[in-house]
Amino acid sequence: MGSPMKIRASVKEGVTEIKVLMGHEMETGQRKDANGAVIPAWFINEVTAKLDGKTVMQAQWGPSISKNPYLAFKVKGGKAGDKVSVTWVDNKGDTRTDEATVT
Amino acid sequence: MTPRLLERRQVLTFLGTLAAAGFVLPRMAFANWDKAAFDARTMDEALKALGAGTPGQSGDVQIVASDIAENGAVVPVQAISKLPNTERIAILVDKNPSMLAASFDLMPDTIPEVTARIKMGQTSNVVVLVKADGKFYAASKEIKVTLGGCGG
Numbered sequence: 001m002g003s004p005m006k007i008r009a010s011v012k013e014g015v016t017e018i019k020v021l022m023g024h025e026m027e028t029g030q031r032k033d034a035n036g037a038v039i040p041a042w043f044i045n046e047v048t049a050k051l052d053g054k055t056v057m058q059a060q061w062g063p064s065i066s067k068n069p070y071l072a073f074k075v076k077g078g079k080a081g082d083k084v085s086v087t088w089v090d091n092k093g094d095t096r097t098d099e100a101t102v103t
Numbered sequence: 001m002t003p004r005l006l007e008r009r010q011v012l013t014f015l016g017t018l019a020a021a022g023f024v025l026p027r028m029a030f031a032n033w034d035k036a037a038f039d040a041r042t043m044d045e046a047l048k049a050l051g052a053g054t055p056g057q058s059g060d061v062q063i064v065a066s067d068i069a070e071n072g073a074v075v076p077v078q079a080i081s082k083l084p085n086t087e088r089i090a091i092l093v094d095k096n097p098s099m100l101a102a103s104f105d106l107m108p109d110t111i112p113e114v115t116a117r118i119k120m121g122q123t124s125n126v127v128v129l130v131k132a133d134g135k136f137y138a139a140s141k142e143i144k145v146t147l148g149g150c151g152g
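Chain order of the listed sequences is S and C. Counted from 1, the first sequence has number 39 at position 39 by the UniProt record's numbering; the numbering is strictly sequential. Counted from 1, the second sequence has number 68 at position 68 by the UniProt record's numbering; the numbering is strictly sequential.
One or more of the hints may lead you astray.
Reference listing, derived: stretches of chain C covered by chain S, where coverage requires no fewer than 3 residues with Cβ under 8 Å from a Cβ of chain S [said to hold, decoys possible]:
{"hint": "1", "stretch": "68–76"}
{"hint": "2", "stretch": "94–106"}
Derived pair list, reagent style DSSO-like, types lysine-lysine, alpha-carbon separation capped at 30 Å [claimed, not checked]:
{"hint": "3", "chain 1": "C", "residue 1": "Lys141", "chain 2": "S", "residue 2": "Lys19"}
{"hint": "4", "chain 1": "C", "residue 1": "Lys144", "chain 2": "C", "residue 2": "Lys95"}
{"hint": "5", "chain 1": "S", "residue 1": "Lys76", "chain 2": "C", "residue 2": "Lys82"}
{"hint": "6", "chain 1": "S", "residue 1": "Lys32", "chain 2": "S", "residue 2": "Lys54"}
{"hint": "7", "chain 1": "S", "residue 1": "Lys76", "chain 2": "C", "residue 2": "Lys135"}
{"hint": "8", "chain 1": "S", "residue 1": "Lys12", "chain 2": "S", "residue 2": "Lys92"}
{"hint": "9", "chain 1": "C", "residue 1": "Lys82", "chain 2": "C", "residue 2": "Lys48"}
{"hint": "10", "chain 1": "S", "residue 1": "Lys32", "chain 2": "S", "residue 2": "Lys50"}
{"hint": "11", "chain 1": "C", "residue 1": "Lys135", "chain 2": "S", "residue 2": "Lys74"}
{"hint": "12", "chain 1": "S", "residue 1": "Lys12", "chain 2": "C", "residue 2": "Lys82"}
{"hint": "13", "chain 1": "C", "residue 1": "Lys95", "chain 2": "S", "residue 2": "Lys83"}
{"hint": "14", "chain 1": "C", "residue 1": "Lys144", "chain 2": "S", "residue 2": "Lys50"}
{"hint": "15", "chain 1": "C", "residue 1": "Lys135", "chain 2": "S", "residue 2": "Lys92"}
{"hint": "16", "chain 1": "C", "residue 1": "Lys144", "chain 2": "S", "residue 2": "Lys67"}
Simulated from the structure, these hints should not be mistaken for lab results. In this text, a Cβ means the ideal position worked out from N, Cα and C, and glycines have one as well.
Model the full assembly from the supplied sequences, consistent with the hints where possible.
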């Protein structure tokens, strides 16, 4: 399930700006633990964002994205009250979706 | 340390690597995730896997990031395309083990400006690759890293 995302979305002069902070370890698979064993890779690899039910972005990520990933982007259109939903899937098949309302 | 111990450790490490690979790989088989591109170990391989070949450098592709990153674990990067019909923006880090950090597919209403935070193991060129109107363009910027982001 992961921890809840923080999503902020605001519309200004016809452009909706969406900012997302996710909670995820984003383990690279390059690191070793104290015993020298490789810590398996564990990272978000797909992200989908929707505005008012319409997909506006689909991202593919690798392990080079920082822990607790941040994502910001802008979309033409949108209005106060529209729903923004963001879904991520990680390489272990875990997934989480969170919603916010455009202000 | 005796040679025998060393040998045992190497065997264990090897088994560990196999187990890790076996554990992770089947789960990576997602519909969209471009495994070949993310597994690429050289910039040429990564660009080829993304279908970009040798992209032309373009002033319409911009990278907004500071010249020096104090903490390589968290390097904010904004990738901007001024090109019409930008369909895709990818961020690559030349000297990372996995150089493709992210690839964003944009819809027509999405403004081609994305911000993300990436890890950088060491000072490296960061490349932003843009696909617009079916063609590829790129820009690169060197970011100096004072503390690497891929260690412990």
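Outcome of the hint check:
1. Beta-carbon proximity to chain S at under 8 Å applies to 4 residues in the stretch 68–76 of chain C; the threshold of 3 is reached and the given coverage holds.
2. Counting residues of the stretch 94–106 of chain C whose CB lies closer than 8 Å to any CB of chain S gives 11, which reaches the minimum of 3, so the coverage claim holds.
3. Of the pairs offered as hints, the one joining Lys141/C and Lys19/S holds, with about 24 Å between alpha carbons and a cut-off of 30 Å not exceeded.
4. For the hint pairing Lys144/C with Lys95/C, the CA-to-CA distance comes to about 12 Å; that is within 30 Å, so the pair holds.
5. Proposed proximity of Lys76/S and Lys82/C is supported: the alpha carbons are some 15 Å apart, at most 30 Å.
6. Note on Lys32/S and Lys54/S: the hinted pairing is violated, with a Cα-Cα distance of about 41 Å set against a maximum of 30 Å.
7. Taking the CA atoms of Lys76/S and Lys135/C, the gap is about 23 Å. The hint holds against a cut of 30 Å.
8. Restraint check for Lys12/S and Lys92/S: the C-alpha separation of about 38 Å exceeds 30 Å, so the hint is violated.
9. Only pairs whose Cα atoms come within 30 Å are accepted, and Lys82/C paired with Lys48/C is accepted, the gap being roughly 23 Å.
10. Note on Lys32/S and Lys50/S: the hinted pairing is violated, with a Cα-Cα distance of about 37 Å set against a maximum of 30 Å.
11. For the given pair, Lys135/C sits about 23 Å from Lys74/S by alpha-carbon distance, which is consistent with the 30 Å threshold.
12. Taking the CA atoms of Lys12/S and Lys82/C, the gap is about 20 Å. The hint holds against a cut of 30 Å.
13. Between the alpha carbons of Lys95/C and Lys83/S the distance comes to roughly 39 Å, so the proposed pair goes past 30 Å and is violated.
14. A C-alpha spacing of about 35 Å is found between Lys144/C and Lys50/S, which places the hinted pair above 30 Å, so the restraint is violated.
15. Simply put, Lys135/C and Lys92/S have alpha-carbon atoms about 34 Å apart, too far for the 30 Å limit, and the pair is violated.
16. Restraint check for Lys144/C and Lys67/S: the C-alpha separation of about 20 Å stays at or below 30 Å, so the hint holds.
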